[in-house]
Each structure stands twice: as structure tokens, then as C-alpha cells.
Amino acid sequence: MSFLYPFFLFLLPLAALPLILFTGLRGKKKEIIFSTLFLIRREEFRDERFKQRLRLWLIIILRILMIITIIFLLARPRYFGKRWHFAYFDASISMKEAKAERARSALFKLLDIFGEKRVFVIDFDGERLFIKDTSEVPPMAVNDVFYTDGRLPFQPSGKVICAPLSSSDAWIHLDSIKGGYMYFSAFSPENTVVKVYNLLQSLDSFEIKAGKGSFIYSVSGRKMNYPWFFVDYRDNLMENNYFFYVALNGKIPVRLDKKLMVLKAFFDSYPFTLSPVSDNCVSVDTILQGCKRQVVFFSKKNRGLESYVNKAHKVPFGKWYGYMMHSGINSFLFFRFYPHDTAAQFYDPEFLKALSDTLKNMFKEERAEKNVFIRDVDFSICRGPLVPEKNSVAGFYVCNGDTVAVNIDIQEYRKPSLCKHSEEVSFKQLSSIMVFQRLLVYFLILLFVFETALLYFL
Amino acid sequence: MDISPFVEKYGSLFIKSKFLVDGLYQGKHRSITFGYSVEFTEHRPYEVGDDLRFVDWKVYARTDRFMVKKFTDETEMDVYVFLDTSGSMRYEAKFHSAILIAGALLYLFNTQKDRVSLYTTSGFFAPPTRRKDELKEMFRYLENITPQNTFIPDEVFMDFSIRIKKRGYIILISDFLYDISYIERFIRFMHKKHRTTVGFMVLSEKEEKFPFSGGALFKGIEEEAIVEVNADLEKRMYLKALKEHKKSLSNHFKSNGGKLITLTDKDGVESAISMFIGGGR
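Chains A and B are the protein sequences, given in the same order.
Heads up: the first sequence begins at 9 in our numbering, then just goes up one per residue.
Heads up: the second sequence begins at 118 in our numbering, then just goes up one per residue.
Watch out, some of these pointers could steer you wrong.
Each pair of labels, with its calculated beta carbon distance range [claimed, not checked]:
hint, chain 1, residue 1, chain 2, residue 2, range
1, A, Leu27, B, Asn261, 49 to 57 Å
2, A, Ile40, B, Lys371, 42 to 50 Å
3, A, Tyr464, B, Lys326, 15 to 23 Å
4, B, Ser388, A, Tyr450, 50 to 58 Å
5, B, Ile343, A, Leu22, 34 to 42 Å
Within a straight-line C-alpha distance of at most 25 Å, the following computed PhoX-like cross-link-like pairs (lysine-lysine) qualify [what the hints assert, rightly or not]:
hint, chain 1, residue 1, chain 2, residue 2
6, A, Lys36, B, Lys326
7, B, Lys336, A, Lys36
8, A, Lys59, B, Lys283
9, B, Lys309, B, Lys326
10, B, Lys310, B, Lys376
11, B, Lys326, A, Lys38
12, A, Lys59, B, Lys360
13, B, Lys363, B, Lys336
14, B, Lys364, B, Lys326
15, B, Lys336, B, Lys383
16, A, Lys37, B, Lys323
17, B, Lys363, B, Lys283
18, B, Lys326, B, Lys310
19, B, Lys336, A, Lys38
20, A, Lys59, B, Lys357
21, B, Lys364, A, Lys36
22, A, Lys38, B, Lys352
23, B, Lys323, B, Lys309
24, B, Lys352, A, Lys36
25, A, Lys37, B, Lys283
26, B, Lys336, B, Lys352
27, B, Lys323, B, Lys310
28, A, Lys59, A, Lys36
29, B, Lys175, A, Lys59
30, B, Lys187, A, Lys38
31, A, Lys37, A, Lys59
32, B, Lys357, B, Lys326
33, A, Lys38, B, Lys363
34, B, Lys376, A, Lys37
Part of the chain B face toward chain A, derived, beta carbon under 7 Å [said to hold, decoys possible]:
hint, residue
35, Gly337
36, Met354
37, Ala358
To be clear, the hints were calculated from the coordinates, so they are not data collected in a lab.
Positions of the beta carbon are idealized from the N, C-alpha and C atoms, including for glycine.
Could you put the whole structure together from the sequences, leaning on the hints where they help?
Here is the structure:
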């Protein structure tokens with residue numbers, strides 16, 4: 009048994025409080041002059057007197073136990089036995105050469121640290137996918153794992169969370185006390201994702217369903233002071249595959265002014281003379297004709313999207329316009345076009361590459377000092393009106409109408425220390441914490457009931 | 118107990134008793150015996166041996182039946198007030214209430230032209246009298262008495278029962294915190310002798326509620342012994358014992374034709390006297 013917050017155990021001496029109060033209050037016996045001793049200490053109540061003394065001590069013991077239980081609840085005990093760690097090794101195209109090697113070495117390092125049998129590795133190279141030590145895969149509670157109902161956009165729910173292992177694409181599962189979701193690494197081919205899902209679904213109580221569509225940013229709970237993760241899923245039209253990404257809620261200061269200047273320069277200088285790459289795409293000229301030149305910034309205030317749109321947070325942005333949203337996690341640059349097919353311009357590979365490079369360079373310097381790296385810049389498209397989520401910070405958009413929105417998501421991650429959390433909590437431990445918590449709460453209720461019964465009914 | 122402050126405030130005990138009684142007592146007691154009087158109560162059929170003087174001839178004229186008239190007999194009574202002046206009555210304001218009750222009842226019965234007598238456990242006895250000056254002598258004694266020492270219930274009740282000559286009321290004013298068998302014997306004996314015994318159990322608020330806590334050394338006023346108890350633990354048992362004691366005491370009074378009135382020193386004595394008067398004999 010170990011504790012997540014062991015410092016609460018320093019409060020354990022408080023458990024002696026009922027005893028101290030009882031013995032301390034007794035102190036020196038005071039002399040009381042009474043009319044007569046006729047009714048005091050009568051022999052016929054000897055048994056009753058014993059019962060009362062027993063009752064008093066029982067109450068004291070119950071109170072001591074209650075204090076200990078509350079302290080244990082605060083300290084959050086967990087199972088000290090096997091620790092299970094999940095590692096997912098991404099062997100996709102983006103993980104070629106040096107990156108892949110780095111990830112592999114990190115993974116082996118993990119195996120050394122945690123012991124091979126305790127690491128559950130999902131590895132795949134190309135089409136092959138295998139699991140090490142599947143016999144020792146720990147059971148996971150359904151409620152502890154995020155799931156979707158298969159419809160899109162889905163909202164992940166559950167409590168299993170993850171964190172990046174290193175700057176490579178190797179990741180490790182983690183859990184945390186206050187919620188979060190299981191992760192998947194990014195940029196996997198569709199069939200691989202499906203395989204991973206299928207594999208995970210075959211495990212006990214592990215329900216994950218995949219689908220395709222747009223995504224929803226769930227922004228609730230962002231103000232909490234613990235690392236907050238979310239898993240999302242969306243259809244990346246650019247690469248025509250599925251991917252999941254994990255965003256880390258680190259407060260990364262972004263200098264919007266600087267960002268804007270760089271972006272403005274980029275848009276001003278970029279030669280939008282590309283021809284459509286397919287029949288679905290239109291020329292830049294078409295886009296420009298339908299555009300209004302606006303850029304709207306969104307800050308982390310608790311306001312809906314529309315309130316920002318309608319206000320004067322508009323910045324001329326070269327020949328382009330859009331909404332730029334700063335969420336604190338990532339920077340989202342929303343471009344909104346009428347009609348929707350004008351967005352096709354954004355699928356032009358050269359345009360995207362140029363934009364991506366610009367953004368990467370822009371953030372690279374300012375992130376490097378803060379142990380944050382830019383994972384990638386991804387683009388997604390969504391058709392439909394911009395629908396502000398009520399009381400949301402970042403808002404979201406849903407494609408069910410004519411509007412086309414393009415999201416340029418600059419994914420950046422704080423480089424983690426080598427899994428400080430992973431050493432602390434695993435799936436198994438999370439489960440054990442929850443079980444312990446539940447048991448302790450039940451025990452506390454039981455103690456309370458007993459004490460009440462002793463005080464009032466016996 | 119020193120009641121002089123009380124007397125200073127309200128005047129003499131006599132005045133206080135008068136005040137108490139005049140306010141509460143509005144009727145008069147009646148004898149259970151029937152005799153010759155002017156107050157008609159009921160008819161009953163004539164039986165052989167009945168005095169023809171009491172045949173109601175008017176009823177005979179109307180109904181052609183011989184009916185005999187019955188009358189309430191107003192008799193004089195001896196009222197013996199027994200006052201516990203032992204040390205335990207010194208506790209809190211018990212004695213204060215006790216002498217107020219005693220005084221009020223003495224005054225009450227004297228007003229009704231009954232003969233009143235006072236007996237205390239310290240040996241004082243005033244024979245039954247109707248005379249005001251002797252009554253005032255009793256009040257003077259009550260004003261100056263201080264409860265002290267202990268008494269042996271068996272001997273005291275024996276002595277008291279010897280002094281009761283005529284039938285009537287016997288009023289015991291005490292805390293009754295001693296062996297119930299003495300009282301039980303006494304009231305049973307009195308009942309056999311056709312005397313009615315009424316008890317006023319005067320307790321202090323602390324005796325009634327036992328508001329003590331923690332470890333304590335209890336010392337009785339009358340006892341030499343010191344008892345070490347945990348008041349928190351003892352409270353429940355003490356209250357249970359007190360409740361049983363009261364219940365048992367009350368049963369003894371009731372089964373012998375009397376009744377027990379309990380009060381604490383924080384209650385007004387008016388309610389106790391009111392209960393006594395309102396409840397009849």
C-alpha cells in the first residue's frame with residue numbers, strides 16, 4: 009500500500025484527539041457536594057454501568073477510526089503491487105529514421121525501468137501489430153476508460169488519461185486522480201487506428217469506438233490546476249486518414265501580437281496563385297472574391313464565439329480573414345469562407361507546408377525555452393456554420409450547414425519529465441485508488457452510523 | 118435553610134402563605150361521611166331502621182314511595198404537616214420550597230377551621246390546633262428553622278404516627294430520598310387507620326437533571342462517604358433510579374388512597390398547591 013498524497017499522513021496524530029479530549033477533560037476530579045448519595049452508584053446498576061463504560065470507549069474508538077479514515081481518504085491509498093504501463097509505439101510514416109529510433113530507445117528505457125512484464129506494449133510496423141505480455145494485461149473498469157457511442161462527433165468520457173512519454177512518438181499511459189482520458193498517438197493510418205481500436209476493444213472492459221467526422225473541443229474544466237488531457241478524433245481531409253491527438257493543458261503564453269505579425273507577413277507574402285489540386289478545389293482568386301477581410305481573436309474568457317465575432321476584435325489580415333482563437337493549449341486559426349468550396353485552397357500541399365513551416369518557426373523559439381515543442385501543425389476542415397458553444401472558452405464548430413471552416417491546429421506539447429506521473433499512477437493503481445476510496449467512504453459511513461446508534465439509541 | 122431574605126422581600130411566611138392560598142383555593146373540602154346537615158345531597162329508598170324524620174314526604178306525596186333524604190356532613194379535620202428538616206433538604210433551594218408549601222397548607226387548613234399540626238424531623242411537634250396565635254407560632258418556627266443533621270426514618274415515622282390521634286390529612290413534605298420501605302410502611306399503616314396521606318416530593322433542579330459531567334467525587338450532605346463516579350456514565354443510571362424511585366413512591370401513595378406531588382425548587386410552589394387543591398383529597 010502506498011499513498012498518492014502521503015503528506016496527509018502527518019495528520020495521523022490527530023486521531024488521538026478524541027482520546028486526549030476525553031482523558032484531558034477528565035483531569036482532576038472535582039468534588040461535588042450532593043444532597044444524598046442514595047441514588048448514586050447503586051449496586052443494581054453495576055451491569056448497566058459496565059455497559060455505559062463500554063459504550064463510551066466504543067464511541068471514542070469509533071471517532072478515532074473516523075479521523076483515521078478521513079486522513080486516509082485525503083492521502084488516497086493505492087495498491088502497491090504490480091504496476092501496469094501501456095506504451096504505444098507509433099511506427100507510422102512520420103516515425104521514420106531518427107525519430108523512430110529515439111522512440112524505440114525511450115521505450116526500451118521504459119522496459120528497463122518498469123520491468124518488461126509490466127509494460128504492455130502495442131507495437132506495429134506497417135501492418136503488423138502485436139502486444140507483448142497480453143496475458144498480463146490488467147483488467148480495466150469500463151467506467152475508467154473513455155468510450156464513444158460510435159456516432160460523431162463523439163465526446164470522450166471516462167477517467168483514464170495519458171501523458172506523453174518524451175518528445176518522440178512513444179507514449180505511455182498514465183492515469184491521474186482528477187480525470188482525463190486515455191491517449192492515442194497522432195497521425196496513424198486509418199487501418200492502423202482501427203486495428204488498435206479493435207485490439208483494445210477485445211480487451212476486457214475496454215470500450216473504444218472509432219468513427220469519422222468533425223471534432224468537438226470540450227473545454228470544461230480547463231481552469232483546473234492539474235494536467236488536463238483530452239482525446240479527440242477527427243477526419244483529416246488533408247491526409248485522408250484518421251488520427252487522434254492529445255492536447256496538454258499547459259498554460260503556454262502566446263504572444264498574439266507577434267503571432268499575428270508573422271502570420272500577416274506570411275499571408276501577405278504568399279503567392280496565392282496556385283491552381284486547384286483537384287476538382288473539389290477552387291482557385292485562390294475565387295476564395296479571395298468571396299472573402300471578407302477579418303481576423304478575430306479569441307481569448308480565454310468565458311464567452312461564446314458569437315460574442316467575439318460580433319465585436320470589434322477584427323484585424324485586417326492581408327487578403328485573408330479568419331478567426332484566430334487562442335485557447336492556451338494550442339493556437340487555432342479559423343478561417344471562415346463563403347461559400348464552402350473556397351476552402352479547398354487550403355488543401356494545396358504547398359500552401360499548407362508553407363503555412364506550417366511559418367507557424368512552426370514562429371513558435372519554435374518561444375517554446376524551446378519552456379520545455380515545449382511543437383508536435384505538428386495540422387489542418388482540418390469542417391463544413392457548417394460556426395456554432396458557439398455556450399459558455400465555452402474556445403468554442404467549437406459543427407459542420408451541418410454551408411459554412412466551411414478550416415482549423416489550423418498548431419499542436420504543441422510540453423515535454424514531460426520522464427513520466428513522473430507514470431511512476432506514480434497506473435491503470436491498476438487508479439483502479440485501486442478508486443476501490444480504496446470507495447471502501448473508505450463506505451467504512452466512514454458505517455462508522456458514522458455506529459456512532460449515531462451508540463449515541464442516541466443505546 | 119435561611120429564608121430571611123425571602124421574608125424580607127415578601128413579608129412574613131404567614132402573609133406569603135395567605136397570598137398563595139387565597140389565590141388558589143376557592144372551594145372547601147367535604148367529608149365522605151353523611152350525617153345531619155342542611156346541605157342536601159341525594160335520595161335513597163327507605164330501609165327499615167331509618168329515622169322517619171328524614172323521609173321526604175313531598176316525594177311520597179308525588180310518587181307514593183318512601184324516600185330518605187341524605188345530607189353532606191361537614192366535619193372538622195386534623196391536618197398533620199410533616200416537614201423533613203434533614204440535611205439533604207439544605208441542598209440548593211429545596212427547603213425554601215418545602216417551608217412555603219408547609220406554611221401555605223397550614224394556613225389553608227386553618228382558614229377552613231380545621232385543626233392543623235406541624236411535625237418536623239428535628240423533633241418539633243405542634244399539636245393540632247385551630248388557634249391563630251398557635252398557628253403563628255408554627256410560622257415563626259418555620260421561619261427560623263435550619264435543616265441539618267440526619268434522621269432515622271423508621272424512628273421518626275413511628276414517633277409521628279403515635280402523635281396522630283384523629284383521622285384526617287397527613288401531609289408529608291420531604292425529598293423522600295431514602296429507603297422507600299419506611300414511607301411505604303407508614304402510609305399503609307395510616308391508610309388502615311383511615312388517614313389519608315399526601316406527599317410533596319421536593320427536589321432540586323440538580324437532583325432532577327443531574328447536570329454534572331466528567332469524573333467527580335460526590336459527597337452527600339448527610340453522609341460521610343465520598344463516592345467517585347464518572348458523571349457522564351452515572352447520569353443515565355441516576356436518572357433511571359430516580360424515575361423508578363418516584364414511580365414506586367407514587368404507586369405507594371396511590372394504592373393507599375393518597376397521592377404524590379413532585380416539584381423542584383425551580384418550580385413555583387403555587388402549581389404544587391394548586392395540584393393538591395385541584396386534585397381533591
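For each hint, the structure was consulted:
1. A/Leu27 x B/Asn261: 49 to 57 Å: 54 Å, holds
2. A/Ile40 x B/Lys371: 42 to 50 Å: Taking Cβ atoms as reference, A/Ile40 and B/Lys371 lie about 34 Å apart, which means the hint is violated.
3. A/Tyr464 x B/Lys326: 15 to 23 Å: 19 Å, holds
4. B/Ser388 x A/Tyr450: 50 to 58 Å: 53 Å, holds
5. B/Ile343 x A/Leu22: 34 to 42 Å: Distance hint for B/Ile343, A/Leu22 holds at roughly 37 Å.
6. A/Lys36 x B/Lys326: At roughly 23 Å apart (the allowed maximum being 25 Å), B/Lys326 and A/Lys36 satisfy the hint.
7. B/Lys336 x A/Lys36: This hinted pair holds, its Cα atoms lying about 16 Å apart.
8. A/Lys59 x B/Lys283: 52 Å, violated
9. B/Lys309 x B/Lys326: 36 Å, violated
10. B/Lys310 x B/Lys376: 17 Å, holds
11. B/Lys326 x A/Lys38: 18 Å, holds
12. A/Lys59 x B/Lys360: Since the Cα atoms of A/Lys59 and B/Lys360 sit roughly 20 Å apart, the hinted pair holds (cutoff 25 Å).
13. B/Lys363 x B/Lys336: 22 Å, holds
14. B/Lys364 x B/Lys326: Distance of about 16 Å is within 25 Å: holds.
15. B/Lys336 x B/Lys383: At roughly 23 Å apart (the allowed maximum being 25 Å), B/Lys383 and B/Lys336 satisfy the hint.
16. A/Lys37 x B/Lys323: OK: A/Lys37 and B/Lys323 at ~19 Å, within 25 Å.
17. B/Lys363 x B/Lys283: It is violated: about 29 Å lies between the C-alpha atoms, which goes past 25 Å.
18. B/Lys326 x B/Lys310: With a Cα-Cα distance of about 37 Å, the restraint between B/Lys326 and B/Lys310 is violated, given a limit of 25 Å.
19. B/Lys336 x A/Lys38: 11 Å, holds
20. A/Lys59 x B/Lys357: 15 Å, holds
21. B/Lys364 x A/Lys36: It is violated: about 36 Å lies between the C-alpha atoms, which goes past 25 Å.
22. A/Lys38 x B/Lys352: With Cα atoms ~16 Å apart, A/Lys38 and B/Lys352 stay inside 25 Å; holds.
23. B/Lys323 x B/Lys309: Cα-Cα ~36 Å, so violated.
24. B/Lys352 x A/Lys36: Satisfied, since the Cα-Cα distance of roughly 19 Å is no more than 25 Å.
25. A/Lys37 x B/Lys283: 52 Å, violated
26. B/Lys336 x B/Lys352: With a Cα-Cα distance of about 16 Å, the restraint between B/Lys336 and B/Lys352 holds, given a limit of 25 Å.
27. B/Lys323 x B/Lys310: Distance of about 37 Å is beyond 25 Å: violated.
28. A/Lys59 x A/Lys36: Holds - the C-alpha atoms of A/Lys36 and A/Lys59 are around 24 Å apart, at most 25 Å.
29. B/Lys175 x A/Lys59: 76 Å, violated
30. B/Lys187 x A/Lys38: 67 Å, violated
31. A/Lys37 x A/Lys59: Roughly 22 Å between the alpha carbons, so the hint for A/Lys37 and A/Lys59 holds.
32. B/Lys357 x B/Lys326: 11 Å, holds
33. A/Lys38 x B/Lys363: 28 Å, violated
34. B/Lys376 x A/Lys37: 40 Å, violated
35. Gly337: Holds, about 4 Å.
36. Met354: Status holds, d = 4 Å.
37. Ala358: 5 Å, holds
Taken one by one, the earlier hints fail for this structure at numbers 2, 8, 9, 17, 18, 21, 23, 25, 27, 29, 30, 33 and 34, listed in ascending order.
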